[in-house]
Amino acid sequence: MSDNEDKVATGEGEEKKQTITIRVKDQSGEETFFKVKPHTKMEKIFSAYAQRKGVPVTALRFLLDGTRIAADQTPKMLELEDQDQIDCALEQVGGW
Amino acid sequence: MDGDESDIPAFKHGKRVLSDEFNQELDRIITPDKESTRKKAKGWGLKNNASTTILHEPYIPLTHEMWKESQQKSIEKKKERSWDNNSTLDFAASPLKRPFAMSKATKSPLRVSQTKTTSKIVPGQSLIKESNYSQKIATPLSNYALKAPISRLRVLRPPPPNSLKKTKKIVKDGDWRSKPSSKQPITKLFEQKRHRPSTIFTKQDLMDQRLVRKPLPMERDALPKVTPFPSKRPSGTADTPINLSSDEEIEIKVVPPPPPITSSSDESPTQLSLECFQVFVGDTQTTGNPIIVSNENNQLKWLSKTLPINNIAHLQGFFYATDQVPSCLILKLTKLNTFEPSPKPHVVFLADNAQDVEAFYHTLKRKYRRLTTSEITDVNQVATFLKELPGYESQKNSTIVSCLKSAFVHSPEPPTRPARRHRVPSVASKIILHYPLPPATNDIITITMEDLERLNPGTYLNDNLIDYYFKWLQSDIFAETKSYCLFMGALFFPALRKGFDRVSTWFTYDDIFSKELIVVPINMNLHWSLAIIFNPIEASKPPGERKSPTTIAFLDSLGKFHKKRLIFKFLTDYLGDLYATQGQGSFDRDSIAPVTKVQCPQQNNLYDCGVYMLLSAQTVVSAYASSRELLKSHIIDVNMADEMIEDQLDLAEPLAALISENSFDQIAVDATRVKMRENIEHDAILYQQIKATDPSLVEYQQCSSGEDTEDAMEIEEKITIIPRVNSPEDCDMGTDSTASCTMPLNPTLHTIQSSESPPSPVAVVVEDDDHKAEQINLDNPHSWSR
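Residue numbers (UniProt numbering), protein chains in the order written: chain G, 1 to 96; chain D, 1 to 786.
Any given hint could be a false lead.
With a Cα cut of at most 25 Å, we get these calculated DSS-like pairs of lysine-lysine [stated by the list, open to error]:
id: 1; chain 1: D; residue 1: K691; chain 2: G; residue 2: K76
id: 2; chain 1: G; residue 1: K53; chain 2: D; residue 2: K563
id: 3; chain 1: D; residue 1: K547; chain 2: D; residue 2: K597
id: 4; chain 1: D; residue 1: K597; chain 2: D; residue 2: K560
id: 5; chain 1: D; residue 1: K564; chain 2: D; residue 2: K597
id: 6; chain 1: G; residue 1: K25; chain 2: G; residue 2: K35
id: 7; chain 1: D; residue 1: K498; chain 2: D; residue 2: K563
id: 8; chain 1: D; residue 1: K471; chain 2: D; residue 2: K301
id: 9; chain 1: D; residue 1: K498; chain 2: G; residue 2: K25
By construction, these hints were calculated from the structure, which means they are not laboratory data.
Computed from a predicted structure; not experimentally measured.
From just these sequences and the hints, can you work out the full model?
Structure, rendered in structure tokens:
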């Protein structure tokens, strides 16, 4: 498995060094830009964003075209490209 | 100028005893050229009380034009001074002899000094009854006295450069907006302007002087400097995005080769040299005996090589040397470095004396505060780069592994990743489940302990649980409904309310219009309700071809809590807009019929609406699935949609077959909470087992794009062999790390880590260049030689 990855890594050596900019758009339409490497876990973006917003990460949902993003995914897995946009939604709670 | 003296004759008027001959003689002396002009001589002889001090003034011959001009000016000025125009005014009472002095002044180029004298405030002056006169004197006299002569000076003669500057400066200094000059304290200027000197200003002035003239007796270097990284907080805008990639570059190469040589150097904390036995520059290595690295003139020097400090992007140090693992100093170089051709831009210095390395490291750190530095405390990181070391022989592999093993025992710090652990937020430890289990890569719900607590009785459900339940339904009992039924996410409607463009990419045409049933969870005002869209495609067909109308049914466990009309409008607009962007032809929004009078179970408390909503959806979908064929043919044969909207009961009638008021009761609701909790806990165990069984699987499967359902099935089968833990207490994953570690089914698997437990000492967590955490079982040394 690691061999596989190494091959992929060497094959895309140039791409690996690149950083991509990801836009996180919140509910009010405000955009925050993150510069990340393709292999950075989204967790990093989430926590940095939540910290900026001053809310716990658990209260935020990150969506890519309506599908949820898990924290341990990476931009590469999600096939994110430069300037791609991620939606940030707030947790929805209802009881009565 | 000579204002004081010019006043004297005015007051000694009666005592003057100068003869006429003397005055004429004086006039001749003063105006030698203009003697012939009688007017002139008559105009300003000394007999008219002109001050003798005017002799000191530089004389400028008065030409006829100049005189005319000045005459004209003076007339104008006179008109301005209304008191002067008033012929009836008797100035005899004035001690100033004002009209006399002024009339003379208007004729004379030297009038400046005389007008200035009039600016004096004389006691009793304000007693003059003439209002114009008193006002003139009372208010703007200071300005008047200063400015009027200047203007005239300019007319009559070019001002000497010094005087012009001076007057300008006075005006400038007098301006309160201008900064106080250091030579002239601002308080003086304020006094001139009849301001009370402010204590604040005087204090500030003092402080300024102190700061400017006497800088603090501290060396510049001694002042704390802010390193560029913390001070430059990324703002997250397009120009300056938050850079999360930079600190990854920090973790680079650690190369600890085996043979240690003793080194000795200065014991002082500010030592500037370091003895190392080996230096790696990229792929080339140098072994010396010893190599002395010294720091001079912002350069690192060793052997014949020099490296400017500016070229160091990052400095790392490892000081926890054991007998086998030497200390090392790692420099990550910038792109523009002296070793540019080197493929791997880093330099590694190896020394076995940990204290020396540490001292050297801290010296550099202190001396070059702009240098970003970090200490490596994890022996594991050192091991990562052994294989990649260019001059490293394979036979030493095993020794290093054993070294590392012993290092685990002897290492002053446990082999954890403290820096990383810090950065990962606490939520990471709370995650108990990524719902579509690891093989899935799309739409992964992260369920945390907090979400699980929302399943306790009397608590509110959140979107995670709603989505989980619907996903679980479609993966389990409603697996067959996937082709014709779509469960929308709980976050869809809140996003739709912000505008269609927010959700325009969420679903494609096929997602929506190929379905017969679309379940939309609605969350507004802390309440969950349900909207179900039936046959969305029908509205796009011509009215005659519709088998059954597009209907949107609303199921609200609190009756009329949600405004159905609002929801209806949002949903119809969504369907119409989506069809307009992705479909062809027209979409008849008006033909969509709302069905609000659906008899669905009503909650009798104020916290179960989420579960009621879930169960309503489940009931409707299961009923629809069971009688789908029947319903498809049966559901109303309508041609005229308008009639149907008016008569909703007809539409509600077929729905009555799907759900009724007594479809489920409170007991079922409570049971659903328990069932969901059990499901989640069960899935959480599966998730942890997948992670623990083959941690690479998670990575690998997620790397492979797309969902491979066959793989997913295989894995699930594999996992079901593992006996389930039935009681929820036994599988509380989040809090107790050891509770879930008691399933020794897999012989190679000694521990099953929960996500919260720290990495066990058995597994080495390695960060390689790709930053993919891999867990390597140290019990199996072959795993090293990949």
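Hint check:
With a C-alpha separation of about 20 Å, the suggested pair D:K691 and G:K76 falls inside the 25 Å cut-off, and the hint holds. Between G:K53 and D:K563 the alpha-carbon distance is near 31 Å, which puts this suggested pair outside the 25 Å criterion. Note on D:K547 and D:K597: the hinted pairing holds, with a Cα-Cα distance of about 22 Å set against a maximum of 25 Å. For the suggested pair D:K597 and D:K560, the alpha carbons sit about 10 Å apart, so the restraint of at most 25 Å is met.
Note on D:K564 and D:K597: the hinted pairing holds, with a Cα-Cα distance of about 10 Å set against a maximum of 25 Å. Between G:K25 and G:K35, the direct Cα distance comes to roughly 14 Å. Compliance with the 25 Å bound is thereby established for this hinted pair. Taking the CA atoms of D:K498 and D:K563, the gap is near 17 Å; set against the 25 Å cutoff, the hint holds. The hinted pair formed by D:K471 and D:K301 fails the criterion: a straight-line CA distance of about 63 Å is larger than 25 Å.
Between D:K498 and G:K25 the alpha-carbon distance is near 12 Å, which keeps this suggested pair within the 25 Å criterion.
Of the numbered hints given earlier, the model fails hints 2 and 8; all others are met.
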